[in-house]
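Below are the chains, spelled out letter by letter.
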Amino acid sequence: MGRDLATQAELVKLARALDTTPDEVSFAGSLDHRDIRRLRERVVDALYEEHRATFGRIAMITRLLPTPLNVRITLRAFPPLLAARIAGEMAPDRAAELVNRMPIEYLADGCLHLEPRRAAPLISHIHPDRVVAVVQELVARGEYVTIGHLLDAATERIVRDVAAVISDEALLRIGCYAESDTQLTTAVAALPPERLRGIVASAVGGPPELRSAGLALIARLADDELRARLAEYAAESDDEALTRLLHTAIDDGAVPELLTLFAALGEHTQRRVLTLPALTDPDVRTQLTKAVTAHPLESNVTFMP
Amino acid sequence: MREVLERWLGADARVVDALSDEELGELHAALVAARKRQAAALAAASAEALRQMPAPLRARFGEIVGF
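Going down the list, the sequences are from chains A and B. Numbers given in the numbering used here equal positions in the first sequence, counted from 1, plus 9. Numbers given in the numbering used here equal positions in the second sequence, counted from 1, plus 9.
Bear in mind the hints are in silico, worked out from the structure with no lab data behind them. Keep in mind that the hints are not guaranteed to be accurate.
Partial pick of chain B residues on the chain A-facing surface, computed with a CB cut under 7 Å [what the hints assert, rightly or not]:
1) Val24
2) Ala43
3) Arg46
4) Ile73
Since this is a predicted model, take the numbers as computed values, not measurements. Cβ atoms here follow ideal geometry from the backbone N, Cα and C, with glycine treated the same way.
Working from the sequences, and respecting the hints, build out all of it.
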């Protein structure tokens, strides 16, 4: 993910942790996105620990009441932020019983405040159809930051089920905001090859933000073989599409990601890409030279024709 | 200010060292406001939850939650 996107996403998540707006947390904008993430995790822990005993007592009461009454009380009394924190103190199977009876819109609201570290056991107990419905609701709201955040808590089954019902564009945007490269790689690896080829084609043939998202996604993959396969899919595009990808990488500061993708290609494909007429443009060559100097390729193949 | 934030966020929260005094002041204010909002929301939600409970159970559960 590009630094700006990563920083923006972390500021949104920090604001939600503090139950405020991104403008109110602009003080953290000077930090690296990894530091903002660490700060957010500390903030969540501090706010959670402050009332953990009360959350625990409320969770204990839910064990004594019938599920329909618990659901009614939760919906009428508890805002999604508190419900998400109380759910963290409940046994996952008990919390899932409630979740399976709640409206999708309320659950989607609650997702904005869930922490993957606490949510994973709960999510694995929720009926897969409901998880998919909640993700669809979040996609409809454009909540890609939230879904990417929760990708860490998703099982392979959930990834496959969700991928089957949402668009390539949505998957690319979610992948862009995934927090963990390892979990992103696991999620991408869970998709069937024909879907992956379609996602890459949608990225390369899409508008600039999707091309950037596709570059970021491929560059972040932690599996060399998988990265090489997706890079080869991208390189199957025609010269016009590859030239647009090149210019997007330069315009969006994603040349390091483009170089990672290029390095993953087989030698034959690299040679074909190097015949792109755009690579003879002096401006393009200058931009690439700067980037290659700053981010040397691991492979011994030079990017310049 | 720095000491208060270290107490809330953990003494090893290196991020506190990376922020200027002004930024720390804003982080402190945001945390104080969040703590107040959470406490108020929890009190209101607990009271409403008790109100929603069947009357015979209300007093017993009020004791458990601490109201």
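Going through the hints against the structure:
A distance limit of 7 Å between C-beta atoms decides the matter here; for Val24 (chain B) the minimum to chain A is near 5 Å, and the interface restraint holds. Taken as an interface hint, Ala43 (chain B) checks out: its beta carbon lies about 4 Å from the nearest beta carbon of chain A, inside 7 Å. The beta carbon of Arg46 (chain B) is positioned within 7 Å of a beta carbon in chain A (closest approach about 5 Å), and the interface hint is therefore held. Satisfaction of the interface hint for Ile73 (chain B) is found here, the shortest Cβ-Cβ separation to chain A being roughly 6 Å, below the 7 Å cut-off.
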